[in-house]
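*Asks:* Protein chains in written order, with my numbering: chain A, 344 to 560; chain B, 69 to 369.
Keep in mind that a hint or two might mislead.
[Unchecked claim] Below, in silico cross-link-like pairs of lysine-lysine (BS3-like), each with a Cα-Cα straight-line distance of 27 Å or less:
| # | chain 1 | residue 1 | chain 2 | residue 2 |
| --- | --- | --- | --- | --- |
| 1 | A | LYS467 | A | LYS432 |
| 2 | B | LYS269 | A | LYS475 |
| 3 | A | LYS432 | A | LYS389 |
| 4 | B | LYS269 | A | LYS432 |
Hint data in this document are derived by calculation from the structure and do not stem from the laboratory. Only a predicted model underlies this, so the values are computations on that prediction, with no experimental measurement involved.
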Amino acid sequence: MISFSQVRKSYRGGHEALAELSFAIDSGELVFITGRSGAGKSTLLKLIPAIERPTSGTVLVNGQNIGSMRRAAIPYLRRNLGLIFQDQKLLYDRSVFDNVMLPLAFTGHAYKDAARRARAALDKVGLLAREKANPVTLSGGEQQRLCIARAVVNRPSILLADEPTASLDSTSAAEVVEMFRSFNQVGVTVLIATHDEGLVQRLNPRVLALKQGRLES
Amino acid sequence: MSNWLRQHWQTLVLTLRRLGRSPGATLLNVMVIGIALALPLGGYMLLQNLGAVAHRVAGTPQVSLFLARDADKADIAALEARLKRLPGVRGLRFISREQALQDLKQSENFADVLSALQTNPLPDAFVLETAGGAAELEQLEPQLKALPKVAHVQLDSAWVKRLESLLQLGRTAVLILAALLACGLVAVTFNTIRLQILTQKDEIEVSKLIGATDAFIRRPFFHLGLIQGTLGGLAALAIVYLCTLILNRSIGELAQLYGSDFRLSFFGPGDCLALLAFAAILGWLGAYMSVSRHLSGIEPR
Chain A
344 MISFSQVRKS
354 YRGGHEALAE
364 LSFAIDSGEL
374 VFITGRSGAG
384 KSTLLKLIPA
394 IERPTSGTVL
404 VNGQNIGSMR
414 RAAIPYLRRN
424 LGLIFQDQKL
434 LYDRSVFDNV
444 MLPLAFTGHA
454 YKDAARRARA
464 ALDKVGLLAR
474 EKANPVTLSG
484 GEQQRLCIAR
494 AVVNRPSILL
504 ADEPTASLDS
514 TSAAEVVEMF
524 RSFNQVGVTV
534 LIATHDEGLV
544 QRLNPRVLAL
554 KQGRLES
Chain B
69 MSNWLRQHWQ
79 TLVLTLRRLG
89 RSPGATLLNV
99 MVIGIALALP
109 LGGYMLLQNL
119 GAVAHRVAGT
129 PQVSLFLARD
139 ADKADIAALE
149 ARLKRLPGVR
159 GLRFISREQA
169 LQDLKQSENF
179 ADVLSALQTN
189 PLPDAFVLET
199 AGGAAELEQL
209 EPQLKALPKV
219 AHVQLDSAWV
229 KRLESLLQLG
239 RTAVLILAAL
249 LACGLVAVTF
259 NTIRLQILTQ
269 KDEIEVSKLI
279 GATDAFIRRP
289 FFHLGLIQGT
299 LGGLAALAIV
309 YLCTLILNRS
319 IGELAQLYGS
329 DFRLSFFGPG
339 DCLALLAFAA
349 ILGWLGAYMS
359 VSRHLSGIEP
369 R
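Kindly generate the complete structure, drawing on both the sequences and the hints.
*Replies:* Here you go:
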């Protein structure tokens with residue numbers, strides 16, 4: 344489903360974020376990407392939705408080569424991915440409900456259908472009662488759950504989360520992780536980048552440990 | 069197709085709601101565009117009305133032939149026969165010098181002057197009407213001048229031609245004004261859209277990240293440009309219409325003094341629609357330029 348082979352990514356100025364990275368993730372896997380900050384976790388996650396392109400090597404997502412993908416094809420790739428960003432990127436000029444409606448606006452759903460899906464997603468993360476609230480009024484854990492609702496509303500086959508528990512207390516973090524687990528159980532491939540070792544140990548999942556842009560064995 | 073229409077409909081609703089949320093700014097923008105368009109539009113309307121008047125007055129072009137003082141009855145009869153044989157002559161009227169004097173005496177302004185004169189200074193004259201237009205008369209002019217005992221040929225269409233060329237000058241001026249203010253309109257839209265893109269920077273960035281196509285992101289801005297242009301066009305029409313109403317009150321009084329029922333007439337529905345389309349296209353153009361310039365700068369990292 345996702346395969347990296349000999350992927351190198353260096354930024355302008357010569358900083359090498361990823362070097363000679365090769366791995367493959369099958370459909371339905373739950374994978375943690377660990378490593379200290381600056382190890383290349385975020386860069387790895389950004390390569391999959393083509394936010395960044397590899398400097399060399401090949402990144403394949405659902406059989407599509409990210410490196411050579413046309414600009415116009417990128418939106419359609421991203422619609423099949425659920426993205427949860429480190430800085431959340433919620434929109435504070437609209438309600439919780441409208442935040443979740445955003446991804447459905449450009450897939451051409453009729454309003455009724457879209458609203459039904461959005462409410463289903465909000466229900467899944469336990470925020471249905473807050474649909475009219477502004478995201479600012481939500482707690483940190485609720486905001487993170489809202490991000491998850493927005494990521495899954497299009498029913499993606501792959502979920503990518505960058506440090507989803509970073510700013511959460513341990514209870515909220517456990518809730519969020521539990522949510523990822525439940526999506527994984529219904530067949531969604533889940534990639535989570537984290538530096539939270541405790542979280543990883545508790546779940547005992549497959550781990551890709553990064554160190555200075557390379558896989559630690 | 070229905071999907072495409074639905075997306076446009078949703079965008080339209082969204083754009084209108086956004087405009088409604090900041091009525092002050094919207095009104096100001098619409099007013100700026102409206103006034104800018106109203107200037108050339110009003111000028112165009114005045115010219116159209118003047119042109120119509122000139123056309124009505126110049127409906128039957130005439131030539132006056134003034135005869136030499138020494139022309140006697142036989143000369144006049146010979147001339148009349150020759151004039152009647154000219155091609156395209158529709159009407160021929162002889163005005164004797166005595167009759168001309170009588171006519172002139174009727175008007176108060178000249179009565180005093182004329183009674184002081186010992187002799188009649190006026191010549192005999194023919195007034196010639198042709199079926200053709202002013203251009204044909206002009207062709208006829210040298211022929212008429214060459215006729216015996218003809219002292220002077222006066223084309224009555226001359227002043228109409230002068231008016232016509234004045235109107236032409238006015239039209240050119242209005243056209244230049246329209247072109248300049250059209251650029252202004254594009255600039256206003258360009259700036260409005262730029263500000264709108266800046267305020268929606270976050271939304272654009274997130275939308276790009278979660279799979280919105282460029283076309284989808286651009287669409288609301290095109291709608292905004294179109295709507296703003298169209299509203300500006302409506303404002304311009306309203307301004308010019310109100311001005312026409314106000315002017316017509318004074319014009320009515322003035323025209324009455326001249327025994328005329330002249331009134332400024334407003335544009336027909338076709339002209340109004342053309343203007344609205346023009347304004348909408350300019351709005352769209354401003355939006356297009358702004359979007360091409362500013363949207364590519366927002367690339368998520």
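*Asks:* Does each hint hold? Answer for all of them.
*Replies:* Hint check:
Taken as a hint, the LYS467 of chain A and LYS432 of chain A pair is honoured in the structure, with Cα atoms around 20 Å apart against an allowance of 27 Å. Distance check on the hinted pair: LYS269 of chain B and LYS475 of chain A sit about 23 Å apart at the alpha-carbon level, within 27 Å; holds. Straight-line distance between C-alpha atoms of LYS432 of chain A and LYS389 of chain A comes to about 15 Å, which keeps the hinted pair within the 27 Å bound. With a CA separation close to 11 Å, the supplied pair LYS269 of chain B and LYS432 of chain A stays within the 27 Å bound.
Violated hints are absent here; each numbered hint is respected by the structure.
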